[in-house]
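Work the whole structure out from these sequences, hints included.
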Amino acid sequence: MSDKKTGKGIVDRIWDVFSSIKLAVVVFSLISLTSIVGTVLEQQADPEKNTQLLVKMFGIGHDPAHSVLGVLESLGFTDMYHSWWFMALLFIFAANLVICSIDRLPRILKAVNEPVKPLSPEQFKVMTLKREVVLKERLDSAKGTMEAALQKAGFKAGVSQEDGSLQLYAEKGRYSRLGVYVTHLSILLILIGAVVGLFLGYNGSLNLLEGTSSPVAYMGKGIEVPLGFEIRCDDFDVSYYDNSDTPKSYRSWLTVLDNGREVMKKEIEVNTPLKYKGITFYQSSYGYSPNQDSLFRFTVTANDGKKQDTQLKFGQAFEIPGTKVTAKVLDFSPALSMDQSGKLFTYAEMMNNPAVFLEFAEEGKHKYNQWILKRYPETWRVQDGMVEFKDLWGAQYTGLQVRKDPGVWIVYLGCIIMGIGLYAAFFMSHARIWVRLREEKSSTRVDIAASSNKNKLAFEQKIEKLVKSVMSPKS
Amino acid sequence: MDSSQFFGISSIAYILAMVVYIAYLVFRNSMVGVTATVITAIGFLSQTAAFIIRWKEFYDMSQMGLLRSIPLTNLYESLIFFIWCLILGYLIIEWKYKNRSFGAFITPIAGMALAFIDISGMDKSIHPLVPALQSNWLLAHVTMSFIAYATFAISFATAIMYLAVSTKDKKSGAYLFWTVSLGIFAAVLIAMGIDFLAFKVAVKSPEAFIKSYLFKASFRSDSGFIAAFSYFATAAFVFLIWRYGHGLKKLITSFSISEDMLDDLTYKSIAIGFPIFTLGGLIFGAIWADQAWGKYWTWDPKETWSLITWFVYAFYLHARFLRGWRGNKIAMVAVLGFVCTIFTYLGVNLLLSGLHSYGGQ
Numbered sequence: 011m012s013d014k015k016t017g018k019g020i021v022d023r024i025w026d027v028f029s030s031i032k033l034a035v036v037v038f039s040l041i042s043l044t045s046i047v048g049t050v051l052e053q054q055a056d057p058e059k060n061t062q063l064l065v066k067m068f069g070i071g072h073d074p075a076h077s078v079l080g081v082l083e084s085l086g087f088t089d090m091y092h093s094w095w096f097m098a099l100l101f102i103f104a105a106n107l108v109i110c111s112i113d114r115l116p117r118i119l120k121a122v123n124e125p126v127k128p129l130s131p132e133q134f135k136v137m138t139l140k141r142e143v144v145l146k147e148r149l150d151s152a153k154g155t156m157e158a159a160l161q162k163a164g165f166k167a168g169v170s171q172e173d174g175s176l177q178l179y180a181e182k183g184r185y186s187r188l189g190v191y192v193t194h195l196s197i198l199l200i201l202i203g204a205v206v207g208l209f210l211g212y213n214g215s216l217n218l219l220e221g222t223s224s225p226v227a228y229m230g231k232g233i234e235v236p237l238g239f240e241i242r243c244d245d246f247d248v249s250y251y252d253n254s255d256t257p258k259s260y261r262s263w264l265t266v267l268d269n270g271r272e273v274m275k276k277e278i279e280v281n282t283p284l285k286y287k288g289i290t291f292y293q294s295s296y297g298y299s300p301n302q303d304s305l306f307r308f309t310v311t312a313n314d315g316k317k318q319d320t321q322l323k324f325g326q327a328f329e330i331p332g333t334k335v336t337a338k339v340l341d342f343s344p345a346l347s348m349d350q351s352g353k354l355f356t357y358a359e360m361m362n363n364p365a366v367f368l369e370f371a372e373e374g375k376h377k378y379n380q381w382i383l384k385r386y387p388e389t390w391r392v393q394d395g396m397v398e399f400k401d402l403w404g405a406q407y408t409g410l411q412v413r414k415d416p417g418v419w420i421v422y423l424g425c426i427i428m429g430i431g432l433y434a435a436f437f438m439s440h441a442r443i444w445v446r447l448r449e450e451k452s453s454t455r456v457d458i459a460a461s462s463n464k465n466k467l468a469f470e471q472k473i474e475k476l477v478k479s480v481m482s483p484k485s
Numbered sequence: 021m022d023s024s025q026f027f028g029i030s031s032i033a034y035i036l037a038m039v040v041y042i043a044y045l046v047f048r049n050s051m052v053g054v055t056a057t058v059i060t061a062i063g064f065l066s067q068t069a070a071f072i073i074r075w076k077e078f079y080d081m082s083q084m085g086l087l088r089s090i091p092l093t094n095l096y097e098s099l100i101f102f103i104w105c106l107i108l109g110y111l112i113i114e115w116k117y118k119n120r121s122f123g124a125f126i127t128p129i130a131g132m133a134l135a136f137i138d139i140s141g142m143d144k145s146i147h148p149l150v151p152a153l154q155s156n157w158l159l160a161h162v163t164m165s166f167i168a169y170a171t172f173a174i175s176f177a178t179a180i181m182y183l184a185v186s187t188k189d190k191k192s193g194a195y196l197f198w199t200v201s202l203g204i205f206a207a208v209l210i211a212m213g214i215d216f217l218a219f220k221v222a223v224k225s226p227e228a229f230i231k232s233y234l235f236k237a238s239f240r241s242d243s244g245f246i247a248a249f250s251y252f253a254t255a256a257f258v259f260l261i262w263r264y265g266h267g268l269k270k271l272i273t274s275f276s277i278s279e280d281m282l283d284d285l286t287y288k289s290i291a292i293g294f295p296i297f298t299l300g301g302l303i304f305g306a307i308w309a310d311q312a313w314g315k316y317w318t319w320d321p322k323e324t325w326s327l328i329t330w331f332v333y334a335f336y337l338h339a340r341f342l343r344g345w346r347g348n349k350i351a352m353v354a355v356l357g358f359v360c361t362i363f364t365y366l367g368v369n370l371l372l373s374g375l376h377s378y379g380g381q
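Quick mapping for you: the protein sequence lines, in order, are chains A and B.
According to the numbering used here, the residues represented by the first sequence are 11 to 485, in order.
According to the numbering used here, the residues represented by the second sequence are 21 to 381, in order.
Please keep in mind that the hints were generated in silico from the structure rather than gathered at the bench.
Virtual Cβ for every residue (Gly too), placed ideally from N, Cα, C.
Be a bit skeptical, because a hint or two may be false.
As the list claims (entries may be wrong) - Computed, partial: chain A to chain B, Cβ under 10 Å:
(1) Ser42
(2) Ile46
(3) Tyr191
(4) Thr193
(5) Ser254
(6) Tyr260
(7) Thr290
(8) Tyr292
(9) Gln293
(10) Ser294
(11) Gly297
(12) Asn301
(13) Asn465
Laid out in structure tokens, this is it:
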């Protein structure tokens, strides 16, 4: 690509531009520099936020900042990763990669398809890495020694007869020369996968209150996307590490309804999504929105061991089995705590520490009141038995991220291929070795020449080891 | 014995090793050299033991499974792991190159950093992970990223040393480049050290530390005087390095480290770090994000800066292989690459998301 012949056609010239590393550098730099702007300006954000940002960064007034933002916005910088010019940059990057690879491929393919051949004496002379050994054995025996040594070093040698001498030649890792191309190909695959996802997939979200279902997800500003089936949230739960408000897991129990039939039930967590018909549901957030229909769920055990599950709404009452004692839900706090003076208060707007206040009565006569805390079993014991507060059901909603991306498998394939390509490109090398054997009197003169396209120092040490191994054992 | 005692043994061993390495360079006695290596190896093994013990402590406590309990959750642990990677990298270099000259540079850094982390208020408390971080992909992502960061750090050090040895003229761009880079880098390290001492915050998560504490005792101090003084001190420091930079050259050459070796080491470190960074930093990070949130790439500042870092190192490799760049030019690219690495790790949280969160108020 560096040859400057005159009288080239327009196609050739464009080809030259796209196959040049200069273009690659320009595109790298443009992507990087514009991306820096994109990381400073918040993307797809409220304009006021970015105006404030500019005010803070450059110390200018609000109005000039606003007009600067206007210019940046018209250039697409406030949503730059979706702008036409950024897409164009990525496209040029891809084209550059393809054409560079095609440009260099024939030469590399030739090298890869050409197995190692014996060297002529002239070629032997110009090799840089050479060693010389004299073995005190006849040619046949020396050949065996050398073949064994090569085998041990991982080379399977071919043999060529020359007049009065022999040449062993071997190579390994020839295909590692393709590593760079495989890596480039994998980048293309990842880009293709991303484009497929962009055009044939979508990213949406869905909030589902416990007990409700939805046939659609929502994209961006309230656009409905039909799922083709219904998804229902049966329950949602946050569990915490002992005695702390550090969440341990967020879990949703989901059911898929296809044509009204339950076809799938799955408990999802962050990092373990549900997948059905190409659409994936990820646990992404949650919320608390109590209402009239929310149900308090208890497991009640009387002192004589009689046990019963029960559920009721706010203000209703249940009976401790086998007794005349009833308990009525008087109050509820999603996150109960106590201040230093012993006063109770609610410290969070989520169900961090749900607590229910029960009024116990016998035959209509008030007996006692008690707070029951879901996370603290020691509060479940009451005078007339055990009241386990299991859940306030129907008060929390699960926030799901809904995604359809048919391109993701291409991206993953690209990632795997990239792993292979990088390994071949950086950790493997094409090593070749030639051994010339010539009988002189009763001993054999051995000339070794070798070359490696990468990691020459380590390769030299390897050859050194090989030489030592053939010299030492019989001395 | 618990993990902190082993860490103590390591830091003593590393500092002792430095003394022996220097003795080796003076006397050139191979027995002394072997002793230095053995002491370093003892320090390394002790640190490895400490790491495993802490892992086990975390595992016993967190009920999260063995793999997910790897102790890499806060700044303290990640710095220790980083030092571990550095020493491992050094031992490999010593073994491969049969050259002990770098030992006198690396071991004091490791020893002092460990001792420093120790006195700056490390806390034995171990915090369990929130749900999004409970992923084996994340484990691979974090570990490999740190290994890559360590290799990039080595390439940065050797590239700076290369520039120090190869530049002669104080007015040349390359000389200015390496002295200013080194000066700012050292100033940032010192400022971070002051933060640790001032706030005893080594146990915070890196994000929390960076957001609330980084440079708060110096450049971002509430006191205008301290902030101004910090900038002035940095400028003076850079000037001193510029003025006396040739001293470093003398030091390096007296340790019988050659230009070629430095160039080769810079390249090798990047050649090892780049694929690990690509795989662990970019790809595993993307896979984790995909599993956790359903988005493998969102162009958020951290991802974008990782990509920029990746571009710089990709450029380094292509310039070297296709254009045959050698010498000062390529060494400067390596330095630039590490600047981007640092920015990806620290700067993104400090400047970018920081600005965003303040802007919202």
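Taking 10 Å as the limit, does the beta-carbon of Tyr260/A come near enough to a beta-carbon in chain B?
-> 5 Å, holds
Holds or violated: is there a CB of chain B closer than 10 Å to the CB of Thr290/A?
-> Holds: closest Cβ of chain B sits about 6 Å from Thr290/A, inside 10 Å.
Interface hint status, Ser42/A versus chain B (Cβ within 10 Å) = 5 Å, holds
Was the hint right that Tyr191/A lines chain B, CB cutoff 10 Å?
-> 13 Å, violated
Do the numbers back the hint for Tyr292/A, that is, is its least Cβ distance to chain B under 10 Å?
-> 4 Å, holds
Does the CB of Ser254/A sit less than 10 Å away from some CB of chain B?
-> This interface hint holds because 8 Å falls under the 10 Å limit.
Go through the hint on Ile46/A and say holds or violated, using the shortest Cβ distance to chain B against 10 Å.
-> For Ile46/A, the interface hint holds, since the closest Cβ of chain B sits about 7 Å away, which is under 10 Å.
At a threshold of 10 Å, is the proposed contact between Thr193/A and chain B supported by beta-carbon distances?
-> Check passed: Cβ of Thr193/A comes within 9 Å of chain B, closer than 10 Å.
Using 10 Å as the Cβ threshold, decide whether Asn465/A counts as touching chain B.
-> 8 Å, holds
Minimum beta-carbon distance criterion (10 Å), Gly297/A to chain B | 16 Å, violated
Regarding the hint that Asn301/A lies at the interface with chain B, is the smallest CB-CB distance below 10 Å?
-> Violated, because the Cβ-Cβ distance from Asn301/A to chain B comes to roughly 26 Å (cut-off 10 Å).
Does Gln293/A pass the interface hint, meaning its C-beta sits closer than 10 Å to a C-beta of chain B?
-> At about 8 Å, which falls below the 10 Å cut-off, the nearest Cβ of chain B leaves the hint on Gln293/A intact, so it holds.
The earlier numbered hints that this structure contradicts are 3, 11, 12.
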